[in-house]
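Same order as they appear, the protein sequences are chains X and W. At position 278 of the first sequence the residue is numbered 277 (numbering that gives the first Met the number 0), and the sequence of numbers has no breaks. At position 248 of the second sequence the residue is numbered 247 (numbering that gives the first Met the number 0), and the sequence of numbers has no breaks.
Check each hint, because a few of them may be wrong.
Pulled a few chain W residues facing chain X out of the computed Cβ check, cut under 10 Å [what the hints assert, rightly or not]:
1. V76
2. K79
3. E231
4. Q247
5. D253
6. M271
7. T288
8. K290
9. M291
No lab work stands behind these hints: they were computed from the structure. All figures in this text were calculated on a predicted structure; none of them were measured in a lab. All C-beta atoms in this analysis are idealised placements derived from N, C-alpha and C, irrespective of residue type, glycine included.
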Amino acid sequence: MPIYRKFIAPTLLITAFAIRAPEQLSGQTPSTPPGATPTESNKLDFFEKHVRPLLIEKCYECHSHESGESDGDLFLDSAAAMQKGGSRGAVLVRGKPNQSLLIRVINYRDRNLQMPPSGKLSDSQIELLRAWIESGAIDPRMEKPEKTDHNHDLATTSPMDRDPSTHWAFNVPVRQSVDAVIHSDVEDTIDVLAASAAAEADIKVSLRADRATLIRRLYYDLTGLPPSLYTIQRFRNSKRPDAYHRLVDQLLASPAFGERFGRHWLDVARYADTVGYALGGKERRYKGSERYRDWTIRSFAQDMPYDEMVRHQLAADRTDPTNESGNLEAMGFLTLGRQFLNPLDTIDDRIDVITRGLLGLTVACARCHDHKFDPIPTEDYYALGGIIASSQRPKNGASPLMLIDKPNPIDSPVLIRGQMGNRGPIVPRRFLTALRSDQEPRFTDGSGRKELADRIATADNPLTARVMVNRVWSYLIGKPLVANRSDFGFRTKPPAIPKVLDELAASFSADWSIKKLVRRIVLSKIYQQRVATEGESLAADPENRLLARGNRKRRDFESLRDSILTVSGTLDRSLGGPPINITSNKSTHRRTIYAMIDRQNLPALFRTFDFASPDTHSPGRYFTTVPQQALFLMNSPEMMAMARATAGVIRQQNISPDATRAHTKAIFKQILSRDPSPRELVTATAFLETPPQEPKPMTDPRSLWSYGTATMPLQKKEDQSSDFSALRQYRDGRWQAADEFPTTAPFGHAFLGKSGGHTTSDPSLGVVRRYTAPQTEMITLEGKIRHNSDQGDGVTFLIHANGKEIYKSTQLNSQEKHGPHQIKLKAGDTIDLIATPGRTSSFDSFEWTAKMQTVPAQAHREGQAHREGQGAERDTMKHFSGPFEQEKIQSLDRLEQLAQILILSNEFAFID
Amino acid sequence: MEPVTKTMLNHCPTTRRSFLKSCGAGIGSVAMTDLLARENISIGEVPLHFPAKAKHVIHLFMNGGPSHVDTFDPKVVLEKYHGKTAPTKNLRTERPTGNVLKSPYKFKQYGECGLPVSEIFSHTAEHMDDICVIRSMHADVPNHEPSLMLMNTGESRLVRPSMGSWISYGLGSGNENLPSFVTMCPGGYPIKESQNWQNAFLPGKYQATYIDTSGQRVEQLIDHIQNTSVSERDQRQQLDLLKELNRQHSNLRDEDKRLDSRLESFELAYRMQSEASTTFDIQQESLSTRKMYGKGAFARQALIARRLVERGVRFVQLYTGAGQPWDNHDDLAKRHRDVAQGVDQAIGALLSDLKRTGMLDSTLVLWGGEFGRTPVVEMPKEGSNQGKMNGRDHNHYGFTCWMAGGGVKGGQAIGSTDELGFQAVENRVHVHDLHATILRLLGYDHERLTYRYAGRDFRLTDVHGKIVEDIFS
């Protein structure tokens with residue numbers, strides 16, 4: 000019960016709401032601006048901004064479905080509930096605060112009814128509620144408030160009846176003009192717009208970041224790689240006024256820009272190199288998948304206009320039918336999705352990637368019913384479905400990725416509730432209702448894919464440019480203008496400064512040049528601002544919606560891996576080609592974008608570092624912090640290799656080995672591209688100067704077993720070692736006494752192998768497999784002995800622990816299991832598995848396999864079990880071996896350890 | 000009350016930063032680490048909707064589809080019709096089926112409740128007074144892939160988060176030193192592989208950590224849990240240096256929670272090295288405990304499962320084995336017995352062990368496959384069960400799951416199949432209903448455990464789900 004009460008504490012309730020409607024609430028308790036009043040145009044906003052949070056914070060704990068409480072039979076969590084009231088009748092009278100019960104009780108005027116009981120609201124809070132009731136108590140909350148089931152309508156009017164032109168995103172963006180330059184530091188229209196918005200909200204705008212910060216930021220955003228110290232110094236010291244412009248142009252021209260933006264696009268396109276699940280070991284690799292990846296990289300690198308990119312991706316069979324310009328590969332956008340058993344699911348996947356990816360519309364929601372929030376009827380879904388269903392892969396196409404129109408394209412029926420056998424009316428292949436006029440003719444050109452592409456890739460489409468600009472903005476600025484990057488529907492609010500998006504989108508759709516767009520954004524003051532805030536702006540705008548400061552970014556998976564490769568001097572910059580498994584033992588130094596993406600079993604490494612799901616279109620990356628990331632960075636062999644390579648770069652600089660400070664400086668420069676601060680220099684140098692401690696060698700279980708003979712009965716413990724003598728020759732998987740086999744008495748046929756052996760010819764000379772304990776440990780020993788012939792007189796099996804017999808058994812054409820025996824051993828103690836013949840050694844082949852589980856003595860104390868503290872298995876079969884060379888452990892020296900730590904630092908992982 | 004909950008109540012996120020700042024360097028690093036550790040215990044992303052007993056789930060996944068009429072849903076009438084045409088028409092399943100096939104096993108009544116259980120589950124049967132058998136389960140299609148997806152994610156075709164991911168998302172981790180969702184399967188994957196425990200559009204941390212339990216040592220079980228190139232002491236010194244450098248870095252900057260939590264994550268990982276080593280080392284259990292669970296990989300995973308939930312892991316899924324061990328289209332009498340032998344003792348031991356430690360109250364144990372099997376024989380088919388007529392086909396019309404612990408009322412059977420065991424008829428429980436009920440046992444209204452993605456709120460039960468009211472104790 001106490002847990003339950005805990006969860007309805009007001010702050011948590013607010014959090015719960017914020018999860019559902021992030022755009023409505025910042026999660027902060029609202030501060031009340033004095034004299035705030037709802038105006039005609041912003042009544043809804045007024046409610047959302049001031050009234051709803053207040054009700055949630057002060058009233059819901061006792062009066063809401065969420066808390067399950069309705070004291071006085073009263074709910075205050077929907078408009079209807081407030082009208083209905085509780086045991087004392089209606090809570091409010093619209094327009095008449097003085098007659099409203101609510102105002103009376105919050106004023107504490109009635110001695111018997113004072114709400115909230117925890118304490119009177121502040122005057123300004125009371126004033127807010129009064130003003131709200133006075134202005135008509137506009138309240139959009141539906142009954143069963145915040146019901147998140149998508150079966151429930153957002154509002155009472157059907158979304159199908161909504162006029163698209165009433166939604167901001169469905170109106171074609173226009174260029175913006177600004178009256179005057181308000182600050183000499185500001186040139187671009189978007190900067191003026193942002194600066195005015197900040198000024199209006201009384202927020203101080205951050206200063207321009209210093210050059211070292213800017214170049215790091217630019218390198219990350221445009222290439223995903225870190226700049227070298229030399230590059231930074233050249234830029235910092237440049238006297239040219241256009242140094243920043245030149246740097247931007249240089250990076251835009253580098254192939255790394257194509258790789259960086261190509262990878263962004265692959266998230267949109269849910270790119271993978273495999274089909275997903277395939278029955279019965281069928282080939283999973285998508286033949287030629289990398290051609291789409293490389294086309295994407297190339298297109299961004301060559302600044303192919305975005306409208307063209309869209310047309311190729313949807314209809315390259317028309318724009319480049321013979322693949323003359325290599326654009327057929329673009330169709331991987333449609334064809335590289337997960338392979339589904341049901342073709343309807345493939346169609347769904349393609350509708351989704353087109354509509355969310357290119358238009359920011361969630362058309363796939365309309366598969367089973369009309370869209371719940373947007374004017375997207377089910378007919379729209381099947382209109383697009385018909386286009387895709389009328390496309391097919393050719394038998395001998397110019398690209399394995401291409402689609403062509405079927406010879407007889409057909410319209411698709413609506414499938415009622417999305418069910419295959421439940422056909423509704425046939426829908427003509429055409430564009431989305433909300434984005435076309437009633438008079439617009441249906442698609443007639445083949446499947447209609449080309450017409451669809453043309454209707455998307457046009458400046459007349461209000462969404463295409465906005466959606467792409469918003470994506471590019473989020474890549475560069477670190478936060479999107481429109482929070483729901485792939486849903487620009489009715490429920491999505493416009494950006495805080497809508498004109499910034501409109502201005503950029505309108506100018507982008509004039510030429511569709513991505514590089515021009517990127518260039519404009521990175522040259523803006525908004526982009527170049529410091530992350531640090533001025534004054535109280537953090538508290539005033541915690542989400543940075545008014546763009547008054549920079550956003551700190553964390554390196555994504557690709558950039559982190561690529562950057563580590565860069566500082567270790569091992570990055571292989573070659574471009575394109577077949578995908579490479581980057582998680583196999585064989586190390587590869589190619590950029591991460593060339594990694595094999597197996598969508599069926601995406602390696603844990605990708606998931607751990609929040610790689611985009613390759614199953615569906617991904618609007619944006621998550622950035623989680625989990626210990627598995629740290630474990631990889633701390634312990635993986637890959638990271639060990641990187642630390643060694645990085646230190647190797649420093650060693651090549653021939654710094655005197657004694658000059659530890661110089662080493663510290665050099666390694667800071669190599670990894671963080673800067674000099675250490677005096678304090679860092681002291682700490683890191685002290686670290687370098689402390690002698691390392693060699694890691695405990697991992698015990699090679701093979702080394703714990705030896706193979707030999709011993710005189711029976713074995714002597715007492717003291718001279719045990721002199722008694723055991725090793726078999727000297729290893730031939731064909733057997734330890735034996737001499738080169739020739741059989742050899743002279745008493746050895747005769749004696750040998751020891753993987754699963755058993757043969758006795759000597761002397762009953763007093765046993766063949767022995769000896770286990771020597773590497774540590775103090777408790778062992779549990781079990782095994783199986785077997786003699787396989789009814790001739791001769793059998794074999795005697797003995798187990799001696801430190802010379803003491805603990806088991807003895809004779810088998811003649813029979814078998815037996817022994818154990819479990821529990822034995823405590825000190826380091827160096829032995830267990831001997833001995834076999835001896837009877838009077839005759841004829842037919843004395845035997846089988847004997849045994850296993851031991853060991854628990855180190857100290858592991859019994861919980862928590863003391865680090866590394867050496869775990870149990871291990873010893874197995875006579877598994878760990879049998881001929882002569883071998885023990886693997887040498889390569890430990891990290893101090894310089895390498897320091898390199899690793901700098902790579903792990905927050906400074907390396909975050910971009911200011 | 001378990002320790003995790005206590006810590007939850009002490010959780011006080013708003014004051015940490017100011018606390019650390021005000022203490023500055025004055026506070027010892029041990030105390031600081033301790034503080035961070037406690038704070039990192041997550042309270043989950045979604046507050047509970049109801050008070051609940053269950054805080055962990057152990058899902059014993061009998062992949063391949065165990066036959067209900069041979070395990071927990073005996074049908075005496077099969078004897079009568081054995082070898083004859085069934086009195087009702089055979090429902091259409093994946094493959095052609097023929098005459099009635101009686102169960103090769105004996106059933107006995109167990110416990111005070113007297114519920115009948117097949118001899119192949121005699122260890123499990125000792126716990127019938129704690130077990131609630133649902134005999135009226137039904138799913139959508141008689142094929143493995145979609146049915147596995149349905150059972151695990153509530154959706155047979157499209158990519159959706161698995162139940163374990165949803166529950167991890169809702170409840171958060173109970174121990175940040177360990178993953179919150181762990182899946183174990185010896186020797187490889189079940190069919191559909193890692194899709195069975197996918198996070199889909201939920202953040203990556205909610206996907207299960209998969210462990211192949213054919214390995215036994217902890218470094219074979221968890222990626223990068225050990226470092227053989229840096230000694231423990233040196234790694235501690237490395238992390239101390241890292242902490243120092245990071246602190247200098249963040250001192251120059253405004254507060255940013257992300258910087259702190261990344262720093263913390265290295266400390267957590269450091270602790271996880273020993274925590275995981277301990278958790279996965281079942282040799283630390285007494286010989287008698289290990290003997291109680293029995294031999295083999297499933298016994299090992301059952302024992303690990305207990306150690307995991309004990310330490311706060313939310314959802315542990317154990318598969319019977321790679322591929323589909325229960326899918327016995329032929330030689331069912333022998334093969335079902337063999338497969339059951341590999342799991343029964345361990346399941347019985349797990350229930351005893353959980354009960355002994357008091358963990359059964361807060362741990363919901365779920366047993367079942369993706370569907371059941373037909374009460375009639377499967378006809379021989381070239382290339383699969385050629386020449387044999389001694390197995391059963393898939394059956395999604397009716398099958399059995401059972402649950403124990405976590406607020407479940409044991410000693411009862413809910414619902415029933417028809418006379419032969421072909422189809423659920425009374426108190427039918429669809430997989431969606433099972434999911435809704437499990438979420439309810441954990442304190443969630445299945446309609447309100449949602450995640451906004453691609454323009455709408457998704458949930459485990461999609462638009463379905465009816466709670467099985469009789470199940471609650």
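*With a cut-off of 10 Å on the beta carbons, see whether D253(W) makes it to chain X.*
holds (6 Å)
_Per-residue hint verdict: M291(W), partner chain X, C-beta under 10 Å_ = violated (14 Å)
*asked:* Using the nearest Cβ pair, does T288(W) come within less than 10 Å of chain X?
replied: violated (13 Å)
*How about V76(W): closest beta carbon in chain X under 10 Å, or not?*
violated (34 Å)
*Hinted contact K79(W) with chain X - closest CB pair below 10 Å*: violated (38 Å)
*For the hint on M271(W), does the least C-beta distance to chain X fall short of 10 Å?*
The hint holds - M271(W) has a Cβ within 10 Å of chain X, the shortest such distance being about 5 Å.
_Let's test the interface hint: is any C-beta of chain X closer than 10 Å to that of E231(W)?_
This interface hint holds because 6 Å falls under the 10 Å limit.
*Interface hint outcome for K290(W) [beta carbon to chain X under 10 Å]*: Holds, about 9 Å.
*When the nearest CB of chain X is found for Q247(W), is that gap smaller than 10 Å?*
With a minimum Cβ separation of about 7 Å from chain X (threshold 10 Å), the hint on Q247(W) holds.
Violation of the numbered hints given earlier is confined to hints 1, 2, 7, 9; the remaining hints are satisfied by the structure.
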